[in-house]
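Based on the hints, put chains Y, D, X and R in the right spot on chain F.
Residues per chain, in single letters:
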Amino acid sequence: MNFPFVKEAVNSLFKKPSTERYPFVKKEAPLGYRGRILFKSDKCIGCGMCIRVCAPGAITKSTKKTDDGEEITMNFFMGRCTFCQMCADFCPRGAIELTNEFSMITEDKSNLNVSGTFIKKLPPKQQAGSQTISKQV
Amino acid sequence: MLIVLGIYTVVTKKNLIKTVIGLSLIDYGVNLLIVSVGFNAGGSAPIFTFNEIKPDTFFVDPVPQALTLTSIVIGACVTAMTLSLVIKIKDKYGTIDADKVRRLNG
Amino acid sequence: MFKKIIEKSFEKSPWLFHINAGSCNACDIEFVATLTPRYDAERFGFKLTGTPRHADIIVVSGPVTEQSKDRVIRTIAQVPNPKVIVALGSCPASGNIFAGSYSVLHTLDYYVPVDVYVPGCSPKPEAIIDGLYKAVEILKNKRRDNK
Amino acid sequence: MLILKYLFYIFVFPGFLFCFFAGLILAGIDRKIVARMQKRIGPPILQPFYDFFKLMGKETIIPNSAAKRTFIAAPVAGLISLVTISLFIPIFKFSAFNAVADVIVIIYLLTIPAVSLIIGGSSSGSPYAGVGISREMVSIVSYELPLIIALLAVGKKAGMAVNDGMVTFSLSKIVEYQSLKGPMLFHWSMIPAFLAMLFVIPCEVGSLPFDIAEAEVEICEGPLVEYSGFPLGIYKLNYALKIFIFSSLFVTLFLSGNGTGIILFDAAIQYVLCIIVVILSVSLIRAVTARLRVEQMLKFYWTYPTALSILSLILVWLGL
Amino acid sequence: MMQHYPVLSIIILFLGAFLNALFGGKSSIVRNIITFLSTGTSFLLILLLIKPIMLEGKVISYWMGNWIPVSDWAIGIGLEVDQLSLFFALLVSFTVFLSGIYSFKYMENDDTLDKYYVLYLMLSGGVMGFVLSGDIFNMFVMIEIFTFAAVALTAFRNYIEGALEAAFKYIVIGSIGSSFILAGTTLLYAQLHTLNMAQIAALMHKNYTPITLFSLGLMFTGYAVKSFIVPCHAAAPDAYMTAPSSISMLFSGMVNKAGVYGMIRLLYMLFQSINLPSMQILIIILGTITMFIGVTMALIQNDFKRLLAFHSISQIGYVITGIGLSTALGITGGLYHALNHTLFKGLLFLCAGAVFYSVGTTDLNKLGGLAKKMPHTALIFLIGAFSISGLPPFNGFVSKWLIYQSAYEEGFVIVTIIALLVSVLTLASFIKVTQSVFFGQLSKECENAKEVPIGMRIPMWIMAFMCFITGILPQYVTKYLITPAVSATLNIGKYIDAMLKDGYAEKYFKETVPVPNINYKLAGYWRPEYYLILFIIILLAFTLTVLAGGIDVNRRSIVSKEIEDYKYDTFYSGEKSEYSQVGGADLFWGLKYDFRKYFNFMHSAHSGVVNDYTLWIISTAAIVIAYIFLLVP
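Protein chains in written order, with UniProt numbering: chain F, 1 to 137; chain Y, 1 to 106; chain D, 1 to 147; chain X, 1 to 320; chain R, 1 to 633.
Any given hint could turn out to be false.
To be verified - In the DMTMM-like style, the derived pairs of lysine to aspartate or glutamate whose C-alpha atoms are separated by at most 25 Å in a straight line are:
#, chain 1, residue 1, chain 2, residue 2
1, F, Lys15, D, Glu126
2, D, Lys3, X, Glu295
3, D, Lys134, X, Glu59
4, D, Lys12, X, Glu59
5, X, Lys32, D, Glu11
6, X, Lys39, D, Asp28
7, X, Lys39, D, Glu126
8, F, Lys26, D, Asp28
9, F, Lys26, D, Glu126
10, D, Lys4, X, Glu295
11, X, Lys32, D, Asp130
12, D, Lys134, F, Glu8
13, F, Lys26, D, Asp70
14, D, Lys142, F, Asp108
15, X, Lys32, F, Asp108
16, D, Lys69, F, Asp108
17, F, Lys27, D, Glu11
18, X, Lys236, D, Glu126
19, F, Lys16, D, Asp70
20, X, Lys32, D, Glu126
21, Y, Lys13, R, Glu409
22, F, Lys109, D, Asp28
23, F, Lys27, D, Asp145
24, D, Lys140, X, Glu59
25, F, Lys109, D, Glu7
26, X, Lys39, F, Glu20
27, F, Lys109, D, Asp70
28, Y, Lys88, R, Asp114
29, D, Lys134, F, Glu20
30, Y, Lys92, R, Glu409
31, F, Lys27, D, Glu7
32, X, Lys181, R, Asp303
33, F, Lys27, D, Asp28
34, X, Lys32, F, Glu20
Treat the hints as calculated values from the structure; they're not laboratory data.
One chain only, chain F, in its complex shape (with noise of 0.2 Å):
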């Protein structure tokens, strides 16, 4: 009949208790920390290499048609994320990072996506001649 953690338990009764006081002293999180996504617009080229790699589908890409070009605008949902890093590791031009802030609390799910637009130029179309090209080749 004896009792396990006595000893230990009596004695931790005089140390200084060892929570943290997380709500009153703010807390960095640790350094690589995968929190809410950072979506850099202007670097993206709207390849969608993101959204074919994530795996819970939270990235959506929408286009539409502008006078110089498209408008492309693309939609993380954090509420879908499981911020296993892929997208940002496969974007080819780096513009997905994902910061250490990780309290994202909300009451509506609405300002969970974190979204960003660019405009994509589309190269000058020859309007008449875009057939010839392909032959030449």
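Leaving out everything else, chains Y, D, X and R in the frame of chain F:
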């Protein structure tokens, strides 16, 4: 003696009717005991009419005899009751062996 | 005066009840980790209870699979009023990687009005504590407005 | 005038209010000490107050399979009996009612809160409550035996000296004895009974190693499954009161003597002693051990503490 | 006129039986009136007797067929009513009266009812006669009458599965017991040539011949069989279980009390040997064993009435222990417990009858959740259960307390510990019954259970009220009822003088008969103001609940249908709340697991075979006689 014999039958015999017989044996044994208690040697039967009481007649003690009368009646009723119960048990349980009639235990 | 004490005490002693609606248990471990000595949630009065009847804040983790759907609804219905529902992790919010599967048809807010989302595929204990903190505020003004 | 005096007794001093605050603060201290033993900060001391008032504010749900009247009446019955016990326990020679033999009254009054928990649980009609009840009943049976023997031993010891060799069941006589000959603890024949009673406290109060009846994990709060809002608040209050009352009973039995004259100081000293007793027996064991199975508890209680208390009974019997 | 009350009360009962036999067959109303009248008048007569006997302490003696004792030698059969026999007579007539009312409704769907009422009145007349008679052979005849009636009534509902078998066992054991008593009586007669109790007591003073000791042993076993003390208790649970509840209430209320009365008369009156320590120890050992085995057997039962039967055996163990202590306090405790036992056990059997009446089965595993369908019976049952396990405001507490006190003061520490433990186990087994019968889930059989008709509920309410009263006002009950009875048991001089003529006792007792001092302070009795305070607390608590309960209850808003219909289901951790009742056999797993060897042994010991039971009785008789011869002189 009779009482001991009666007790023996009740305890050992499995057949319910034999137990009933054992019971009545006990009863008769006790009745004999009662009668024998009242005996004092040489007394005559305590039946007399008022006028001819002779002062010196020596009577057997009448009281136990009265007791035996009632206890014989009781003995008879007990046997009658138990036998009727045994008949009912027979047609209900189909057997009168004490071992089988033991649904109520625990 | 009596009402004021009750008001204040709502904020000080919220009781939690955890429902695992098919989660991969990553969030469950993190959630329980908040009660360990390091991230002690008990200092705010949080206490894990065994039955929905005792709870104020219900924490749901995991995509609401078809099997656990009606159980989640029934348990949440059995919690007495001023109650707050917290969606722990990204699964209840969106079904995460299980979204397309045959058993996950809708997310949690389709069945039950969710108050607080704590996203993160197994959010950090600090994040959970933040979430619970917000849930307590919601609980307080829920208590005030239907009083 | 007498009525007023008694009303004061019931509601204020040894009665409801005093016990209410003392019990809840004691429960708070207990939770804080356990937390500190596990090196975490632990809830504020007033946490039980917050819990109680929050539960008052919450809505009361009465499930449709419950017998409505008994469902609400059960916790209140427990509360009443706890308050009446507190009137009987003398605090250093001062006691509201010094009935002649109140040890047996207390033994029976102590079973009423447990019975009220059981009746409440069974009236809620849930299968979890059914299992919780049978465990609660087994725990009552298991801790009752050592408790009785220890009380008899103390009664006999006090009776030897104080009322001419006959056994005494009255607490005031026990206190009187201790004031003459110093606290019961220092007579070495009483040490086993003291230890036995120390073991009994966690089970009587229902704290961790023996709280099988309200095991949150397995049968979610046992009898209290269907309770919410106000009746649950009363049950939590009963839990806290039980800690206070049982420990103050323990103090009167083993550690009391002739305290200072003024009631307030006596009450304070008694309360400090209660805290020490509670920390020693309830918190320490709670922080360290895990939950036992039902029949392990029964086996434990009917071997070690019973043997201890029988030992002390024999010692007392031989007139030591 | 008062002289004739005792005889009248017995005759009326037998007359009722006779009339019922004649006119009963016609219609139930005639039957009910006859029964009601006869039981009512006999109860009234006994009540009228209280004033003279209890208060002024007079002892009424009545010679049947005025065979006045000739030259101070009792010839005829004397009827003797002193405080003790009146106390028991009161118990008897009270239970008979109530059970009569109860059985009007309870038995209505049974056939051949007139036979039932004839036997019923025979039973009550027999016990009344037994309690009041002052002549040992007359007591034997009365025993035979009420055993007969009891056996016939056990077999009354012969379609119940074990009724016949139980009746057969009961009659075999009963008649063996009564042959023992008969043998003992005759031996006594052989020695002293008189049957009148008072005279025997006077003649027997201090001069014990071996034969009288032998007859003491025989009669002691005989009465032990009659009051179902453990070694010879086997027939009781079967008989209780199969008899209709109104009859099993009579069993537990009267029949074993009659056995106890016989025991008291035997030990205190005829053989003043009780104050020999060795005899005392025998009785206390028997009492404690009865207590313990009765309760432990009750724990593992799963039939409602059988459980109650084992409980009444264990409570009789309490009464016997109380009486065995032979101190004034001990006997008060014993008698008080006898009174309480009749009250709450009768109540519990009535509840069992009500459950049987409305649901049709008394098997604990099948019942469940009756509190919702039968609120009255549930409430009454709770009162009964609390008072039997001795919780303070009810009456069991007071009498058990007295017994503990006196046992501990006499130095029998083990007895007190076992008694306290037994009272906790009683509480345990009654919690088991409450949970599996009244609370918990509503089982299939109980769907159509409806509340019991008024006719049955009135006696239950009266009993419950009496339980509460005797619990709350112990001083008054003891002052008027119990103390005179105790003084009567201890100081038999008065009994003898009244029976024959004054000064008779002194002639035989060399010294004056010591009147025992009954001025023991009733230890720790609650002073009246406690009750005032108790009521105030309850009032406070009640207002508290209504006030706080009120605030929240009306605030319960009904939200949308779809979510809300689950709100009031019991919590099944999400599952649909299907039927799963926890009750009956599967309660107290811990206890049963720990003591399974003991419980299995006990289970097999009650083998149900007639021969084993008789073997037990014979062995107890042998042990008792051997004990008396070895130790007493």
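Self-check item: Earlier hints that do not hold, by number
Solution: 2, 10, 12, 13, 15, 18, 19, 21, 23, 25, 30, 31 and 32
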